[in-house]
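Could you slot chain P onto chain C? The hints should help.
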Amino acid sequence: GNSVTQMEGPVTLSEEAFLTINCTYTATGYPSLFWYVQYPGEGLQLLLKATKADDKGSNKGFEATYRKETTSFHLEKGSVQVSDSAVYFCALKSGTSYGKLTFGQGTILTVHP
Amino acid sequence: DVKVTQSSRYLVKRTGEKVFLECVQDMDHENMFWYRQDPGLGLRLIYFSYDVKMKEKGDIPEGYSVSREKKERFSLILESASTNQTSMYLCASSLFSQRQENNEQFFGPGTRLTVL
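Sequences listed follow chains C and P, in order.
Here the first sequence is numbered in my numbering, starting from 1 and rising by one per residue.
Here the second sequence is numbered in my numbering, starting from 1001 and rising by one per residue.
Be careful, since some hints might not be right.
Said to hold, decoys possible - With a cut-off of at most 30 Å between alpha-carbon atoms, the simulated DSS-like pairs for lysine-lysine come out as follows:
#1 K1003/P - K60/C
#2 K52/C - K1055/P
#3 K1070/P - K1013/P
#4 K52/C - K1003/P
#5 K1013/P - K1055/P
#6 K1003/P - K77/C
#7 K1057/P - K1013/P
#8 K1013/P - K1053/P
#9 K1013/P - K1003/P
#10 K1003/P - K56/C
#11 K52/C - K68/C
#12 K52/C - K1057/P
#13 K1003/P - K1018/P
#14 K1013/P - K1071/P
#15 K1003/P - K1070/P
#16 K52/C - K77/C
#17 K1057/P - K1003/P
Hints are computed from structural coordinates only; laboratory data are not their basis.
Chain C extracted, bound-state conformation (with noise of 0.2 Å):
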């Protein structure tokens, strides 16, 4: 079956700090994969995503590369701001699933200024 697996957190970072979130897959097919964010007291919002090998995504400074090879797709931003404190979850939709996400455990992270 499907599954994912993020980097275990919580990330605390000062600002203007580089942050990398892991993120493995495992998946039958050509799967998309997202990077979801839910900021405090809110529900998810859609990040950036890649549909295909080797597609970047990106959005907000944060990029999201999809390696087939290493069936990964790790989140990078070169200087994070107070403002992306937050909980970010990656996840992937295989072709067959009428648009099912299975999702990775979130990873809190926490911007210091």
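Just chain P now, with coordinates in the frame of chain C:
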């Protein structure tokens, strides 16, 4: 903008009560989903629906049922609430599409349910 609304942000119920969580979306999406979110476990799919009156079990359906009588509304029902169902419940919707780029799920704000 897509909007997914959930009937309550916070709910407190007693063990054994029947609980209804309501979700409404305004973008004519075919697919709707109910997840529960627990620390360290991420989001786990309870049920989903790809059409009116159609439903499919997700990964953790035990103790839950759902109803989809209208396209825009998807209800989650806890027939007899138990303390281990204390959690954050998230509803989501998406288009039914074979195109990979049209598969974003849009989430509601969540309902934090406490069962005493």
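Here's how the hints hold up against the structure:
1. K1003/P - K60/C: holds, 21 Å
2. K52/C - K1055/P: holds, 29 Å
3. K1070/P - K1013/P: holds, 26 Å
4. K52/C - K1003/P: holds, 28 Å
5. K1013/P - K1055/P: Answer holds: K1013/P to K1055/P is near 26 Å, not above 30 Å.
6. K1003/P - K77/C: Within the cut-off at roughly 28 Å; holds.
7. K1057/P - K1013/P: It holds: about 24 Å lies between the C-alpha atoms, which stays within 30 Å.
8. K1013/P - K1053/P: holds, 27 Å
9. K1013/P - K1003/P: Holds, at about 27 Å.
10. K1003/P - K56/C: Status holds; Cα separation ~27 Å.
11. K52/C - K68/C: holds, 9 Å
12. K52/C - K1057/P: Given pair K52/C, K1057/P holds - Cα atoms ~28 Å apart, limit 30 Å.
13. K1003/P - K1018/P: holds, 27 Å
14. K1013/P - K1071/P: Measuring from Cα to Cα gives roughly 28 Å; hence the hint holds.
15. K1003/P - K1070/P: holds, 16 Å
16. K52/C - K77/C: At roughly 21 Å apart (the allowed maximum being 30 Å), K77/C and K52/C satisfy the hint.
17. K1057/P - K1003/P: Measuring from Cα to Cα gives roughly 24 Å; hence the hint holds.
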